[in-house]
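2 protein chains.
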Amino acid sequence: MSINKVCLKEKFEKFNDYWSPKIVGDLNNSHIKLAKFKGDFVWHKHDNEDELFLVTKGHLTIKLRDKDIELGEGEFVIIPKGVEHLPTAKEEVHVMLVELKSTLNTGDVGGDMTVEDLDWI
Amino acid sequence: MSINKVCLKEKFEKFNDYWSPKIVGDLNNSHIKLAKFKGDFVWHKHDNEDELFLVTKGHLTIKLRDKDIELGEGEFVIIPKGVEHLPTAKEEVHVMLVELKSTLNTGDVGGDMTVEDLDWI
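Protein sequence lines correspond, in order, to chains A and B. Our numbering puts the first residue of the first sequence at 1, with every later residue one more than the last. Our numbering puts the first residue of the second sequence at 1, with every later residue one more than the last.
Some hints could be false.
Claimed, not checked - In the SDA-like style, the derived pairs of lysine to any residue whose C-alpha atoms are separated by at most 20 Å in a straight line are:
id, chain 1, residue 1, chain 2, residue 2
1, A, Lys5, B, Lys67
2, A, Lys81, B, Leu100
3, A, Lys9, B, Thr56
4, A, Lys11, B, Leu100
5, B, Lys45, A, Asn29
6, B, Lys63, B, Phe41
7, B, Lys5, A, Asn29
8, A, Lys38, A, Thr61
9, B, Lys5, A, His59
10, A, Lys57, B, Gly72
Claimed, not checked - Heads up, incomplete: computed chain B residues facing chain A, CB under 7 Å, no partners named:
id, residue
11, Lys5
12, Val6
13, Leu8
14, Gly25
15, Asn28
16, Leu52
17, Leu71
18, Glu75
19, Val77
20, Ile78
21, Val98
22, Leu100
Simulated from the structure, these hints should not be mistaken for lab results. Quick caveat, the model's predicted, so the values are computed rather than measured. Cβ atoms here follow ideal geometry from the backbone N, Cα and C, with glycine treated the same way.
Looking at chain A on its own, in the form it has when it is part of the complex (with noise of 0.2 Å):
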């Protein structure tokens, strides 16, 4: 077994497409993920999973429907099973997240920006 480090921002550039979750490390039964996000995203929840959105670069607003929770470098949140979120960023913002391997970028709503199969990278 193969056992390296990942350096984010060595993987961040590996990738410019928004909304496309990638996969760079595989832990229990959750992957970690890193994405790049640009303006706004769909409302949607996941039934079965929390999600974990920690900001390395830029500006995350993820929208609740009863209030807006801002994330700059070095802050996370999470999301848990069942709330409805929309991310939006005004800017280019990285996000790693962490989630169940499960877990669908769209939630309980599909649509196009659904991305299923993700790349490791």
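Guided by the hints, dock chain B onto chain A, whose structure is given.
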């Protein structure tokens, strides 16, 4: 349910003890923990749990039996279940851990550095 962000820097200012992880998040069946390390830990492994170490400040060496892994800020490694490892840091390092709730810091060896009943901060 109250959903609040976590600022890593602010949380790290709340404690100064080494080798004593604090819980900052509950994510599915895992905990997000923060720890400060300095000096040598002990050789150990986790028979059933993979463990993620993300360095947020400073430098961490994780010794494996066949090589050393050197982690700087913004770098992580996942130590798979069953793999012996020994974290060590010449100077204070700040680390974010992601691991199953069942994970004990000293894994299979126990001893004086074992911490049970971790505090939330």
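Verification of the supplied hints:
no. : hint                  : in the structure
1   : A:Lys5 with B:Lys67   : 12 Å, holds
2   : A:Lys81 with B:Leu100 : 17 Å, holds
3   : A:Lys9 with B:Thr56   : 13 Å, holds
4   : A:Lys11 with B:Leu100 : 25 Å, violated
5   : B:Lys45 with A:Asn29  : 18 Å, holds
6   : B:Lys63 with B:Phe41  : 10 Å, holds
7   : B:Lys5 with A:Asn29   : 24 Å, violated
8   : A:Lys38 with A:Thr61  : 11 Å, holds
9   : B:Lys5 with A:His59   : 13 Å, holds
10  : A:Lys57 with B:Gly72  : 16 Å, holds
11  : Lys5                  : 4 Å, holds
12  : Val6                  : 5 Å, holds
13  : Leu8                  : 5 Å, holds
14  : Gly25                 : 5 Å, holds
15  : Asn28                 : 5 Å, holds
16  : Leu52                 : 5 Å, holds
17  : Leu71                 : 6 Å, holds
18  : Glu75                 : 5 Å, holds
19  : Val77                 : 4 Å, holds
20  : Ile78                 : 5 Å, holds
21  : Val98                 : 6 Å, holds
22  : Leu100                : 5 Å, holds
Of the numbered hints listed earlier, those contradicted by the structure are 4 and 7.
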